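Chemist: Sequence:
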Amino acid sequence: MEHITNMLPKILLPPRKDVITRARKLLMEPTYRLDQTINCIGEDPVIFIELMNTANELEIATPISPITNIRNCLQRLGNELVIEVLDRLAERSECEDLEVSGWVETYRDHSRKVSIIATILAQVVQLRAVAECRASGLLTYVGDMLSVVYLKDKYIELAKKKSRKLLNFTLLSKYNINVEQITLQYLRHKGFPEILLYPLDRDATPSGDVISTMRPIVMGAQELFEAHVHGRLEKYNPSDSDSLPPQSALRFLQLTVPQIARIHSQVSELLAPGSTAE
Numbered sequence: 015m016e017h018i019t020n021m022l023p024k025i026l027l028p029p030r031k032d033v034i035t036r037a038r039k040l041l042m043e044p045t046y047r048l049d050q051t052i053n054c055i056g057e058d059p060v061i062f063i064e065l066m067n068t069a070n071e072l073e074i075a076t077p078i079s080p081i082t083n084i085r086n087c088l089q090r091l092g093n094e095l096v097i098e099v100l101d102r103l104a105e106r107s108e109c110e111d112l113e114v115s116g117w118v119e120t121y122r123d124h125s126r127k128v129s130i131i132a133t134i135l136a137q138v139v140q141l142r143a144v145a146e147c148r149a150s151g152l153l154t155y156v157g158d159m160l161s162v163v164y165l166k167d168k169y170i171e172l173a174k175k176k177s178r179k180l181l182n183f184t185l186l187s188k189y190n191i192n193v194e195q196i197t198l199q200y201l202r203h204k205g206f207p208e209i210l211l212y213p214l215d216r217d218a219t220p221s222g223d224v225i226s227t228m229r230p231i232v233m234g235a236q237e238l239f240e241a242h243v244h245g246r247l248e249k250y251n252p253s254d255s256d257s258l259p260p261q262s263a264l265r266f267l268q269l270t271v272p273q274i275a276r277i278h279s280q281v282s283e284l285l286a287p288g289s290t291a292e
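So for the sequence shown, the working numbering puts the first residue at 15; every next one is plus one.
The set of hints was computed from the structure by calculation and includes no laboratory data. These numbers were taken from a predicted model, which means no experiment stands behind them. Among these hints, one or two may not hold up.
Said to hold, decoys possible - Listed next, the in silico DSBU-like pairs over lysine-lysine satisfying Cα-Cα at most 35 Å (straight line):
hint, residue 1, residue 2
1, Lys174, Lys188
2, Lys249, Lys24
3, Lys168, Lys179
To be verified - The following label-pair restraints were derived from C-beta to C-beta distances:
hint, residue 1, residue 2, range
4, Pro44, Ala218, 40 to 46 Å
5, Asn67, Glu16, 19 to 25 Å
6, Pro259, Ser279, 27 to 33 Å
7, Thr184, Gln261, 30 to 36 Å
8, Lys39, Thr270, 29 to 35 Å
9, His17, Asn93, 21 to 27 Å
10, Phe266, Pro44, 29 to 35 Å
11, Thr270, Ser221, 25 to 31 Å
12, Ser289, Met42, 38 to 44 Å
13, Thr45, Pro259, 44 to 50 Å
14, His17, Thr45, 47 to 53 Å
15, Ala286, Tyr46, 30 to 36 Å
16, Glu16, Ser257, 33 to 39 Å
17, Thr184, Tyr46, 43 to 49 Å
We put the CB at the ideal spot given by N, CA and C, even for glycine.
Please construct the entire structure, taking both the sequences and the accompanying hints into account.
Modeler: This is the structure we're talking about:
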C-alpha cells in the first residue's frame with residue numbers, strides 16, 4: 015500500500031452536494047448576497063479547498079496579493095468561475111462505504127463547528143483576523159478526512175475503539191500517518207498561504223503577515239469543541255482565568271473573566287442540542 019503522503023494529490027475528498035446546490039443557487043440569484051454565500055461555503059472545507067486551489071492556480075499566472083479567507087477567494091474568482099468549480103465538484107464520486115462516508119461527514123461537521131468557534135474567539139481578541147481564523151478553523155480536521163478516505167475500513171476498525179487522540183497515535187505508530195502533517199502537506203499542495211497554515215502547525219514560527227494570536231485562537235477553538243464532545247465544556251466556565259486547564263491554548267490569549275464567560279456562553283449556545291449549528 016503506497017504511503018498516504020505520495021497519494022495526497024490523488025485523494026479526492028467528497029463534497030457535500032447540498033452545500034453545492036445551495037451555493038450555486040445563491041450565486042445565480044439576481045440579488046446576489048456575498049455574505050450568505052460565504053456562510054454557505056463555510057460549511058464545507060472540501061469546497062473551500064477546491065475554490066482556493068483554483069484561485070491559487072490563477073495567482074501563478076497573474077500574481078496579486080495572497081488570498082487569506084473565503085471572501086477574498088470568492089471575490090478573486092468571480093461568480094462564473096466559482097460556479098464552474100462547484101459544477102466540477104458536483105461530479106465527484108461519493109464514498110461508497112456508508113461507514114467511511116459517516117466518518118467523513120463527522121469530521122466535516124467538526125471542522126464547521128471549530129470554524130464558528132474560532133470566529134467567536136477572534137471577535138473577542140483579534141478583530142482584524144476574524145475571517146482568517148474562520149478559514150483556518152475550517153481546515154482543522156482535513157487530515158482526519160484524508161486518513162478516512164485513504165484507509166477506509168482499516169480506519170473504521172480503529173476509530174470504533176479509540177478516542178481521537180489515541181486513534182491518531184495509532185495511525186502514526188501503525189501506518190506512519192501524522193494527521194497534522196498530512197493536513198499541512200495537502201494544503202500546501204493546494205497553494206494555501208502560510209497565514210492560514212500557521213495556526214495548524216505547532217512547530218511553525220510566525221513571520222511576515224502571520225498574526226501570532228491566530229494559533230491559540232484556532233487551537234483554542236478546537237480545544238473547546240473537543241471539550242464539548244467529551245462532556246467537559248463546563249470546565250471552561252470558570253470563576254477566574256486561573257481555572258482554565260494548565261495546558262489550555264486559551265491561556266495564551268490572556269482572556270479576562272468576563273471574556274471567558276462570554277465565550278463559554280456563546281459556545282455553549284452554539285453546541286446545544288437543537289441549535290442551528292447542530
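Chemist: Regarding Lys39 and Thr270, is the given constraint of 29 to 35 Å on their beta-carbon distance met?
Modeler: At 43 Å between Cβs, range violated.
Chemist: Hint says 25 to 31 Å; check whether the CB-CB distance for Thr270 and Ser221 agrees.
Modeler: holds, 29 Å
Chemist: Note whether the CB distance of Pro44 and Ala218 lies within 40 to 46 Å or breaks it.
Modeler: The hint (40 to 46 Å, Cβ to Cβ) holds, given that Pro44 and Ala218 are roughly 44 Å apart.
Chemist: I want to verify a distance hint. Is the separation of the beta carbons of Thr45 and Pro259 within 44 to 50 Å?
Modeler: At roughly 47 Å between Cβ atoms, Pro259 and Thr45 fall inside 44 to 50 Å, so the hint holds.
Chemist: Regarding Thr184 and Gln261, is the given constraint of 30 to 36 Å on their beta-carbon distance met?
Modeler: violated, 22 Å
Chemist: Measuring from beta carbon to beta carbon, are Ser289 and Met42 in 38 to 44 Å?
Modeler: Distance hint for Ser289, Met42 is violated at roughly 29 Å.
Chemist: So does Thr184 sit 43 to 49 Å from Tyr46, Cβ to Cβ?
Modeler: The hint (43 to 49 Å, Cβ to Cβ) holds, given that Thr184 and Tyr46 are roughly 47 Å apart.
Chemist: Run the distance test for Lys168 versus Lys179: straight-line Cα separation, threshold 35 Å.
Modeler: Distance ~17 Å between Lys168 and Lys179 Cα, so the pair holds.
Chemist: Hint says 30 to 36 Å; check whether the CB-CB distance for Ala286 and Tyr46 agrees.
Modeler: Holds: the Cβ-Cβ distance is about 32 Å, inside 30 to 36 Å.
Chemist: Taking 29 to 35 Å as the hint, is the beta-carbon distance of Phe266 and Pro44 inside that range?
Modeler: violated, 46 Å
Chemist: For the hint 47 to 53 Å, verify it against the beta carbon of His17 and that of Thr45.
Modeler: Given a distance of about 49 Å, which is inside 47 to 53 Å, the answer is holds.
Chemist: Could you say whether the range 19 to 25 Å given as a hint is met by the Cβ separation of Asn67 and Glu16?
Modeler: holds, 22 Å
Of the numbered hints given earlier, the model fails hints 2, 6, 7, 8, 9, 10, 12, 16; all others are met.
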